[in-house]
Amino acid sequence: MALNFALISFLLPLAGSLIVTMLAQNSRIAGRIATLFTGSAMISSILLAFQSWIIPVYAQWPWFQTGGSQWSVGMLINTTSVLMGVLVLLISFCVHLYSISYMKDERMQVSYYARLGLFTGSMTGIVFSSSLVQLFLFWELVSFSSFLLIGYWSENPRVVRAATSAFFMNQIGDLLMLSGIVLIGIDKGTLDLPELGGQGTIAVSAGLLLLAGIMAKSAQIPFLTWLTNAMEGPTPVSALIHAATMVAAGIYFIIRIHTLLPSEVLQIAALIGSITGLAGGLGALASFDLKRILAFSTISQLGFMLLGGTAGTPGAAMLHLYTHAIFKALLFLTAGVIIHQTNEQDIRKIGQIKSPLLTIPLLMGAASMIGLPLTAGFISKETIIESLHSGWPLWSAQAVTLLTTVYTTRLIYFLLAKSSSQPTHSGRPDAFMMMPVAVLAAGCLWIIVSWSPVDFSGSLMRSLDQIHNFEPGMMTYVTLALIISSASAAFFWFRRQSTVPGVNGEEDNFGLDVLYRNLGSWPLMRLSLVAEWTDQRLINPAIHFIAYIQVAWALFTGWIDKWVVDGTITLITEIIIVSGDSLRMFTRGKIQSYILWAFLMLVIFIIWIIA
Amino acid sequence: MSPDALLYFAAWIFCVGICLVIVKRNTLLMLVGTELMLNAANVNLVYFNSRSSLPDGAMFAVFVIVVAVCEAAVGLAIMMRVYHFYQTSLPDQISELRERT
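Protein chains in written order, with my numbering: chain A, 1 to 611; chain B, 1 to 101.
Same shape as in the complex, but just chain A (with noise of 0.2 Å):
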């Protein structure tokens, strides 16, 4: 039964993505059947968490077989596997009913739910599945979709590049994470996850391949200029993708695989996340595109979440990746109203928004991003800071959240408080818009986690981490401490600034863009160069000289041809003309010269009678 719920939730996505784009020819209706589609898998998933809440099912069926090895597809469900599948089909559905009116006036309307369809379907495959290869399957799908989704507007060679560039850099981390997968089958000759979870940790190699694989999917460091780029694509797309789902797919996958790997593997995977929450953190706060802002906080929260999942436990880390989900997503869907009234991306240019509609919203998601109390975020967070116990990780954990706190901060001044001359603009969103907004909003409050908004061994995390109990100690006191004052700190810190601080340059990802097209030109153009000379001076010549021989070759042929085999022939056709023409000679129809011969035959014939 519960099979067939996620099988349901798993297939319906991608059929609808099939009949819309085979049915619908008006692209009205395509969203709405996207929609419907979209929606009966989430009603199928939540069924299924229902079903199999805390008891794990597993079922897999053989696939295929190379030598003396089979390998299988399957379903492996457990909590965190329905977490994450009602999580990614929530904010699916969400995104799609925005899109209804989001992308009413888009010409390609068919394609962009189909493509949407297709994102979702290879999400809850990755998010069900059982085994490494089947997984990997629907990672490779994931970064597919993605690629069509960001270059939606193709027309923009932007989107194009950005496009293309987060399609790149995804597969330089998929090629490693294959090698990974590919070392694991050798070495432990399978790679189905509830088996491998019985033989003890994976190789170090193996595990460090993977964890590219994570890092350049969860847009870590070196790998993080693809998320902020990829905000050219539609904001709707930009809340499911880049800040819910895709890139949480990473973590969901340190998550899945965490006691597999080494504790080696862990701490560089540790020390990257902390890396790279920093940088994230600093860009967000440099930056002054709004979704850049959305964009770079989100690689700070995962990083943040990389840390938590490796340093503290996954528990924490699963919790804090679903609240950041829908505050996230709520944030940029906020955005996108904003956007979509305003034409403008600029927090300099926006102005002060003043509609209840858009303001609650957004103090909703930062304090749930900041991690205020009774908010969703706030138990999510000190969950992870509380599972770190002491240490490198715990203080890099602090800087990230006091960063995270400066930034949001920032934006929220900016946006809300900050009366600028701009004009206000009070257009009023549809309720196609405002539905997934009001949903995901009260998703920020601490009731989705838990009934009590200082437990934080609450309901949800006493599901996902059966081991661990957590407490509010004292560290929860001291960061709270910390974000209360920094935030206070910063809101009379950017009171008193004329203009909005921040550093010009995100455009390029603060000079990243710039390093890594360097990085990757120089060995090419060296690579180009000895190719080059290499070309010039040893293959030319050797071509050369093989057509030499050919020419002279074909020379020396050509007079054979010529001289020896026409020859004969042509000397046998001039025998046969002359021995024709002298036979022919007698009956050239001359009467004179057949009386000569008939005499001359008679002449012989007297002779020979007489002789």
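If you're looking for bench data, these hints aren't it; they were derived computationally from the structure. Don't take each hint at face value.
Below, in silico cross-link-like pairs of lysine to any residue (SDA-like), each with a Cα-Cα straight-line distance of 20 Å or less [unchecked claim]:
(1) A:K562 - A:I575
(2) A:K590 - B:L31
(3) A:K590 - B:T88
(4) A:K590 - B:K24
(5) A:K590 - B:S89
(6) A:K349 - A:G391
Note that the coordinates shown come from a computational prediction; the quantities given were computed from them, not determined experimentally.
Put chain B on the given structure of chain A with help from the hints.
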């Protein structure tokens, strides 16, 4: 005149006749050539008859002359018809009998 000389004379006339027939481009002269050859035969007939008591050879020669007249008449008639048909009397240009090329 020795008898051999007569035979040589007959042979010479015959040769002249056949040369006329073979070499001349005109049909009329070819006909003349045939007459010459017939006359060479007549000379032979007359000469060999001189060794016999009976006049058979001379008589045969007379017949040959008669036949030659008839032959000349028929030949001329054929020539007339040929000339009428082909608008020429030159044997080189009359080659209807050979194969088509």
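Exercise. Which of the numbered hints above does this structure break?
Worked result: 6
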